[in-house]
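Asks: All chains, full assembly: derive it from the sequences and hints.
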Amino acid sequence: MREIKFRVWDIINKRILNYGEIMHLPMWEVFPGTPEQRAFNVMQYTGLKDKHGKEIYEGDLCKSYNGYIKEVVWKDNSWMYKMKVNKKYQGEAYVEIVYSSMGDTSHRNFGDEIIGNIYENPELLEG
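Under my numbering, the residues of the sequence shown are numbered 3 to 129, in order.
One thing to keep in mind: the hints can contain errors.
Said to hold, decoys possible - Mimicking SDA-like on lysine to any residue, the simulated pairs with C-alpha atoms at most 25 angstroms apart in a straight line are: (1) K16 - L27; (2) K77 - Y47; (3) K86 - D52; (4) K7 - N123; (5) K53 - Y70; (6) K65 - M82.
Claimed, not checked - Quick list of simulated restraints, FRET-style, between CB atoms: (7) A41 - K89: 13 to 23 angstroms; (8) K90 - E5: 40 to 50 angstroms; (9) I14 - K51: 26 to 36 angstroms; (10) V87 - H26: 41 to 51 angstroms; (11) G55 - L126: 14 to 24 angstroms; (12) K89 - E5: 36 to 46 angstroms; (13) H54 - K89: 28 to 38 angstroms; (14) Y70 - I14: 10 to 20 angstroms; (15) K56 - E98: 20 to 30 angstroms; (16) E5 - E98: 33 to 43 angstroms.
Please keep in mind that the hints were generated in silico from the structure rather than gathered at the bench. Treat the numbers as computed from the prediction; the structure is a model and nothing was measured. A virtual CB, placed ideally from N, CA and C, is assigned to each residue, including glycine.
Replies: Laid out in structure tokens, this is it:
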């Protein structure tokens, strides 16, 4: 059975709070009314680890062995990777958003490596 854990991005103080740091916060503070009212963006643990044994959370940015940068997202009732793929059609370049299953992320040679997250390292998605 998968361990259920969370971490949050503190929007006001601009930092990640880990599971132990948010345990003392009242739930109404972490999950108030609408997303616009929240001081925190909540990220759930996927139950998977990267090739170095680091826990992968929603919002993490992972780099594959072949250099793709992928964002971890919850989509269609499963954890998936979201990535931008540069394509061409009739000589015109465009970017397509592609989703793929996470699969085994821990293989030492071909596994994925966490290189940041969407809050602290948004520039990694621009490349």
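Asks: Give a verdict on every hint.
Replies: Status of each hint after checking the structure:
Of the pairs offered as hints, the one joining K16 and L27 holds, with about 17 angstroms between alpha carbons and a cut-off of 25 angstroms not exceeded. Proximity of K77 to Y47 is assessed by CA-CA distance (about 14 angstroms); at most 25 angstroms being required, the pair is judged to hold. Among the hinted pairs, K86 with D52 is consistent with the structure: their alpha-carbon atoms are about 20 angstroms apart, no more than 25 angstroms. Distance check on the hinted pair: K7 and N123 sit about 22 angstroms apart at the alpha-carbon level, within 25 angstroms; holds.
Between K53 and Y70, the direct Cα distance comes to roughly 15 angstroms. Compliance with the 25 angstroms bound is thereby established for this hinted pair. The suggested pairing of K65 with M82 holds, with an alpha-carbon distance near 14 angstroms, which does not exceed 25 angstroms. For A41 and K89, the hinted distance range of 13 to 23 angstroms is not satisfied, since their beta carbons lie about 39 angstroms from each other. Between K90 and E5 the Cβ separation comes to about 43 angstroms, which falls inside the hinted range of 40 to 50 angstroms.
The beta-carbon spacing between I14 and K51, approximately 30 angstroms, falls within the hinted interval of 26 to 36 angstroms. Checked against the hint of 41 to 51 angstroms, the pair V87 and H26 passes, with Cβ atoms roughly 42 angstroms apart. As the Cβ distance of G55 to L126 is approximately 21 angstroms, the hint placing it in 14 to 24 angstroms holds. Range check, K89 to E5: Cβ separation about 38 angstroms, and the 36 to 46 angstroms hint holds.
Distance hint check for H54 and K89: the Cβ-Cβ separation is about 31 angstroms, which falls inside the suggested range of 28 to 38 angstroms. Remark: the range hint 10 to 20 angstroms for Y70 to I14 is contradicted by a beta-carbon distance near 33 angstroms. At roughly 29 angstroms, the beta carbons of K56 and E98 sit within the given window of 20 to 30 angstroms. For the hinted restraint 33 to 43 angstroms between E5 and E98, the CB-CB distance of approximately 34 angstroms keeps it satisfied.
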